[in-house]
Amino acid sequence: MVTLTDIERESYKDSPVHRLDSRIKLIFALAIIVYAVSLPRIHEKNMVRLLAIEAYLMLLVLAAGLDLKYFLIRILAVLPFGLGIAIIQLFLRPSFVENYTPYPLDLPLGLSITYEGLAFGSTLLAKFLVCITAIVLLSSTTRLRDMVAAADRMGIPREFTLLLSMMVRYLFLFWAVLKRIKVAQETRLFNIWNSKVPRKWILKQIGHSISAIFVRSYEQGEKTYISMLCRGYGSGHEKAYYRAKIRTTDILFLLLSTASIAYIHFLV
Amino acid sequence: MSIPNSPHNPDEAAIFPKETTGRRNHRSGSGSEKPGNSSERNIVPILEAKDLCHRYPHLESNALDKINLKVFKGERVAVLGANGAGKSTLFKHLNGILRPLSGEVLVKGEKVTKKNVRVCRETIGIVFQDPDDQVLAPSVEEDIAFGPINMGLPRSEVEVRVKEALEMVGLTGFEERAPHHLSGGQKKLVAIAGILAMRPEVIVLDEPTAGLDPLSSARVLELIMKMNRELGITLLLSTHDVDVVPYFAERVFVLHHGRLEADGTPEEIFSDPELLRKAHLRLPRVAEVFEMLQQEGLDVNIQITAEKARDEILRVIGPGNQKAGMK
Amino acid sequence: MSIPNSPHNPDEAAIFPKETTGRRNHRSGSGSEKPGNSSERNIVPILEAKDLCHRYPHLESNALDKINLKVFKGERVAVLGANGAGKSTLFKHLNGILRPLSGEVLVKGEKVTKKNVRVCRETIGIVFQDPDDQVLAPSVEEDIAFGPINMGLPRSEVEVRVKEALEMVGLTGFEERAPHHLSGGQKKLVAIAGILAMRPEVIVLDEPTAGLDPLSSARVLELIMKMNRELGITLLLSTHDVDVVPYFAERVFVLHHGRLEADGTPEEIFSDPELLRKAHLRLPRVAEVFEMLQQEGLDVNIQITAEKARDEILRVIGPGNQKAGMK
Amino acid sequence: MHIPDSFIPLDHAIIYWVLALPFIIMSVKWAKNELDEMKVPILAALAAGIFAIQAMNIPIGMGTSGHMVGAALVAIVFGSPWAGVLVLTLVLLVQGFAFADGGITTMGANILNMGVVSGFVGYYTYSILRRGLSANIAAFAGAWLGLFISAITCTIQLWLAGTFPLVSGLIAMGTFHLIIGFIGEGLITSVAITAIAKSRPDLLEDDLNTRTERAETEAMA
Numbered sequence: 079m080v081t082l083t084d085i086e087r088e089s090y091k092d093s094p095v096h097r098l099d100s101r102i103k104l105i106f107a108l109a110i111i112v113y114a115v116s117l118p119r120i121h122e123k124n125m126v127r128l129l130a131i132e133a134y135l136m137l138l139v140l141a142a143g144l145d146l147k148y149f150l151i152r153i154l155a156v157l158p159f160g161l162g163i164a165i166i167q168l169f170l171r172p173s174f175v176e177n178y179t180p181y182p183l184d185l186p187l188g189l190s191i192t193y194e195g196l197a198f199g200s201t202l203l204a205k206f207l208v209c210i211t212a213i214v215l216l217s218s219t220t221r222l223r224d225m226v227a228a229a230d231r232m233g234i235p236r237e238f239t240l241l242l243s244m245m246v247r248y249l250f251l252f253w254a255v256l257k258r259i260k261v262a263q264e265t266r267l268f269n270i271w272n273s274k275v276p277r278k279w280i281l282k283q284i285g286h287s288i289s290a291i292f293v294r295s296y297e298q299g300e301k302t303y304i305s306m307l308c309r310g311y312g313s314g315h316e317k318a319y320y321r322a323k324i325r326t327t328d329i330l331f332l333l334l335s336t337a338s339i340a341y342i343h344f345l346v
Numbered sequence: 011m012s013i014p015n016s017p018h019n020p021d022e023a024a025i026f027p028k029e030t031t032g033r034r035n036h037r038s039g040s041g042s043e044k045p046g047n048s049s050e051r052n053i054v055p056i057l058e059a060k061d062l063c064h065r066y067p068h069l070e071s072n073a074l075d076k077i078n079l080k081v082f083k084g085e086r087v088a089v090l091g092a093n094g095a096g097k098s099t100l101f102k103h104l105n106g107i108l109r110p111l112s113g114e115v116l117v118k119g120e121k122v123t124k125k126n127v128r129v130c131r132e133t134i135g136i137v138f139q140d141p142d143d144q145v146l147a148p149s150v151e152e153d154i155a156f157g158p159i160n161m162g163l164p165r166s167e168v169e170v171r172v173k174e175a176l177e178m179v180g181l182t183g184f185e186e187r188a189p190h191h192l193s194g195g196q197k198k199l200v201a202i203a204g205i206l207a208m209r210p211e212v213i214v215l216d217e218p219t220a221g222l223d224p225l226s227s228a229r230v231l232e233l234i235m236k237m238n239r240e241l242g243i244t245l246l247l248s249t250h251d252v253d254v255v256p257y258f259a260e261r262v263f264v265l266h267h268g269r270l271e272a273d274g275t276p277e278e279i280f281s282d283p284e285l286l287r288k289a290h291l292r293l294p295r296v297a298e299v300f301e302m303l304q305q306e307g308l309d310v311n312i313q314i315t316a317e318k319a320r321d322e323i324l325r326v327i328g329p330g331n332q333k334a335g336m337k
Numbered sequence: 011m012s013i014p015n016s017p018h019n020p021d022e023a024a025i026f027p028k029e030t031t032g033r034r035n036h037r038s039g040s041g042s043e044k045p046g047n048s049s050e051r052n053i054v055p056i057l058e059a060k061d062l063c064h065r066y067p068h069l070e071s072n073a074l075d076k077i078n079l080k081v082f083k084g085e086r087v088a089v090l091g092a093n094g095a096g097k098s099t100l101f102k103h104l105n106g107i108l109r110p111l112s113g114e115v116l117v118k119g120e121k122v123t124k125k126n127v128r129v130c131r132e133t134i135g136i137v138f139q140d141p142d143d144q145v146l147a148p149s150v151e152e153d154i155a156f157g158p159i160n161m162g163l164p165r166s167e168v169e170v171r172v173k174e175a176l177e178m179v180g181l182t183g184f185e186e187r188a189p190h191h192l193s194g195g196q197k198k199l200v201a202i203a204g205i206l207a208m209r210p211e212v213i214v215l216d217e218p219t220a221g222l223d224p225l226s227s228a229r230v231l232e233l234i235m236k237m238n239r240e241l242g243i244t245l246l247l248s249t250h251d252v253d254v255v256p257y258f259a260e261r262v263f264v265l266h267h268g269r270l271e272a273d274g275t276p277e278e279i280f281s282d283p284e285l286l287r288k289a290h291l292r293l294p295r296v297a298e299v300f301e302m303l304q305q306e307g308l309d310v311n312i313q314i315t316a317e318k319a320r321d322e323i324l325r326v327i328g329p330g331n332q333k334a335g336m337k
Numbered sequence: 008m009h010i011p012d013s014f015i016p017l018d019h020a021i022i023y024w025v026l027a028l029p030f031i032i033m034s035v036k037w038a039k040n041e042l043d044e045m046k047v048p049i050l051a052a053l054a055a056g057i058f059a060i061q062a063m064n065i066p067i068g069m070g071t072s073g074h075m076v077g078a079a080l081v082a083i084v085f086g087s088p089w090a091g092v093l094v095l096t097l098v099l100l101v102q103g104f105a106f107a108d109g110g111i112t113t114m115g116a117n118i119l120n121m122g123v124v125s126g127f128v129g130y131y132t133y134s135i136l137r138r139g140l141s142a143n144i145a146a147f148a149g150a151w152l153g154l155f156i157s158a159i160t161c162t163i164q165l166w167l168a169g170t171f172p173l174v175s176g177l178i179a180m181g182t183f184h185l186i187i188g189f190i191g192e193g194l195i196t197s198v199a200i201t202a203i204a205k206s207r208p209d210l211l212e213d214d215l216n217t218r219t220e221r222a223e224t225e226a227m228a
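Residue numbers (my numbering), protein chains in the order written: chain A, 79 to 346; chain B, 11 to 337; chain C, 11 to 337; chain D, 8 to 228.
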């Protein structure tokens, strides 16, 4: 299980990748994802290109000094759903292809595999892998609040980034609350799979804890609002506060990455 | 083993001498006519409540009932009261967060209205009990900058203020930290820094030492004293920790069930155990010993700080007897 | 005005006599060989930790470092320590919520394992610091029934237990009330009732008086004493409020940076101001006066409760001099 | 139901973003202007709370557990589907960028499904049924239907993308969310609404204006 705490721990490490400006990292991750998604659904060069990009990302993972076991767990945590959907493609006939070439293989239940399905399924999986790697790399090397600051500096209105920044602040608070609630429930022998008590009762208790967190977060907002008023909130001067500046290394990284993607796309 | 020092049943002490309260209330209400210790500093109180009443919509009785009080520039005042006595409600009136049912609040002699409420909030900063209610940004520096930015200050000025406030509370180097990585005491200091950066003239602190261990609690109190001493900030602090009051306050308001039951120096307040018990409070631990000694028939005055207690005991023993007690 | 009684800078006190700590630690570790006050009651401790270590994945150092302690049936033990000393972490090991990095926890002589963890949790109940983390149901009775229902008890038995627990904490008549609208002190009582209804043999309370005003705090402490007296429940209570300890505990553990620094009676612990300061704690207010008197060269013993303080002062004054001091 | 990146081709993904954006902008406007600015911090804190709520396992049966989405719950409590849109947008942003749960290019589609569809369907089903039924039954039906319809929308998007066959996809996703939605969304929302009605009845007052008036008399903002 990957928790908020694990993600945070990695993002607090120090490395050349961690030190890159958060805007640069955000743009980089978005560029990689858009590039991967924009590749044609079936193309003979897809695999090579995607695997080359993946290799480039893995190099950055190593440069960032991330815990590889953690990294693998994070990929595996989201992979199954994608893997499942990718595998069923083998047996489907993608609607966007007109002619199918069946794969010479006899399967029970009247199932058959097509070359097109195989190509689409594998591309889907490779694209999926590249996208997750890009995101995990981003979130493991960039603190959440730096991402919010980056969004703000890239022109997202302050009305929205203030919401995001407060959410990030209270995310950790309610994550801790959730953990404490779970511990207190365990102490009183609560277990969602306990067969000695009616399921309906268990569901009711979950509903109670959910409403308790709901009311608590609502009231946290009310109290925070009062304290914000005391600090002049609503004056119309809302701006975000940050100090980081883009340095030459950031520019170099962006140029190098653009060059790498271009090289992979046109020359591989 | 029984727990001594538990406040009496409130019902028992219900027949509280009304006159005493009346007189005490007036000391603050008529501060300008009768020049007291505090009014000498300045004729216009920096903060004043006149017949202030408040009622929450879902409750039957008034949460605040005809509160009259005056706070003068540079004072350190403690508002003592049990949970639910109305301390937090009172504080929310002082900078116009709540609107009075009747009566009024004056800041530097001017009534708080919808028009001047923003200025009032720059004059009077409130530090809330739970720093989680106040520290709303995901990093320390962003949080401290929140107030100054809302005041419309230029960027360079905001940076200066953030730096100064962090220095004042002794958290330089914590700029980048996330609030959830701070201890309770440190979070409290960040909350105070966030208010300090707005450079208010008065800082109101709601239970500043609640939940803190002795070390953090001492640090927060030291900071509060320093703000008063070095920056001349007027301080109003609520607490139910009676032991802390003698070390901090020059003047004490006792609040109970929304009424201001007393207003006086710590010595005056703590020489009246009945008053405190009625307000669901207790004597400071040190004073309790002296109350017991009085009950034994000993001619001692109730002392509230450790130093004064030592001196009083030495006095009672007398210079002659002191030798006898020596090692 | 400076704040006295602030704990020393930890660095200053770092050269703490190691021998003393070692000896103290052993007292608990070797309780069975050396029959002390507590081990006479029962040979097998109801709760024991052997070389217990804990480490949080994101931290460098151990949160608990070779903790050895024994608690015997019927005892009232206070775990004293500053915030972050490891009190809550220790408690989470006592009923198998956390798993030790090394060492073990024994409940009634049996090691806590995955197999017997449910039984352990029925034997050892924990009341957490913030009742809002524990009291989640929309009515008081539903919340108190939570534990007993999870234990798989029949409906009628659950009802009996809810009724009993409410009576014990003095909240009969509150069955239908929404915990959300109760005061902090009342919520705390509901949290305790929720544990009581499971009829544990040991109740562990994390900072039971934190954030409560004097009256609520006294009520909670009275209830804790009553549970010990009337139901024979063994009690383990964490706190950083040193003033409360003498009125409650028979034995005190001092925890600092995850180590058990001392284990002794309140009198023993509080006669060592250096130990407390090293652990970022302080002397009880009353004891502080006596420490000052000692520094004046007076031959007094440090007292920690108001009653004993009175007696000690009367003793020093002497029966002859007492008359001189009379009114 | 979180559609990951690459499951929808880029051109489709952009269309869903274009469709979702006005809803996001409207929801921020709603929070800031429609009633009062008090909504801004409350929605931010609530988004954090919903994030924690979504991490609570709900036993569905046969060893599987699900979790709640919560858009309908938020919309019902605030008396406006915009609240559901805004809170879910915030939650999905964090899930997408921090956990790689749901994609970046597909986030527009996810916001449409989980925020807009389940918020609007949930809220309006609730408010129509509320006229004749008790709050907890209306909430149950609203939350259930909201989730079900959003699963259907999701299936259609995947079908349009060519990643899913329509009929068997509808059958699979439909039945799955019919069951999960019954317990995980419907029942839990209904219990939560009943519990909230007991601890904070004022949050569920039908007339939003009385709530605003009260807030105004209390604060001199």
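No lab work stands behind these hints, which were simulated from the structure alone. This one's a predicted model, so the numbers in the text were calculated from it and none came from an experiment. Note that CB positions come from ideal geometry on N, CA and C, so glycine has one too. Just so you know, not all the hints are guaranteed correct.
As the list claims (entries may be wrong) - To be clear about the criterion: a stretch of chain C counts as covered by chain A if any three or more of its residues have a C-beta under 8 Å from a C-beta of chain A, and this derived list gives those stretches:
{"#": "1", "region": "77–91"}
{"#": "2", "region": "119–132"}
To be verified - Once the Cα atoms are required to be at most 30 Å apart in a straight line, the calculated DSS-like pairs of lysine-lysine come out as:
{"#": "3", "chain 1": "A", "residue 1": "Lys282", "chain 2": "A", "residue 2": "Lys257"}
{"#": "4", "chain 1": "B", "residue 1": "Lys83", "chain 2": "A", "residue 2": "Lys301"}
{"#": "5", "chain 1": "B", "residue 1": "Lys124", "chain 2": "B", "residue 2": "Lys76"}
{"#": "6", "chain 1": "A", "residue 1": "Lys323", "chain 2": "B", "residue 2": "Lys173"}
{"#": "7", "chain 1": "C", "residue 1": "Lys318", "chain 2": "A", "residue 2": "Lys260"}
{"#": "8", "chain 1": "C", "residue 1": "Lys118", "chain 2": "A", "residue 2": "Lys257"}
As the list claims (entries may be wrong) - Counterexamples of contact, computed for chain A against chain B with all Cβ distances above 12 Å:
{"#": "9", "residue": "Glu86"}
{"#": "10", "residue": "Leu240"}
{"#": "11", "residue": "Met245"}
{"#": "12", "residue": "Ile304"}
{"#": "13", "residue": "Leu307"}
{"#": "14", "residue": "Phe344"}
TODO: May I ask which of the numbered hints given earlier this structure violates, with the numbers listed in increasing order?
DONE: 1, 7, 9, 10, 11, 12, 13
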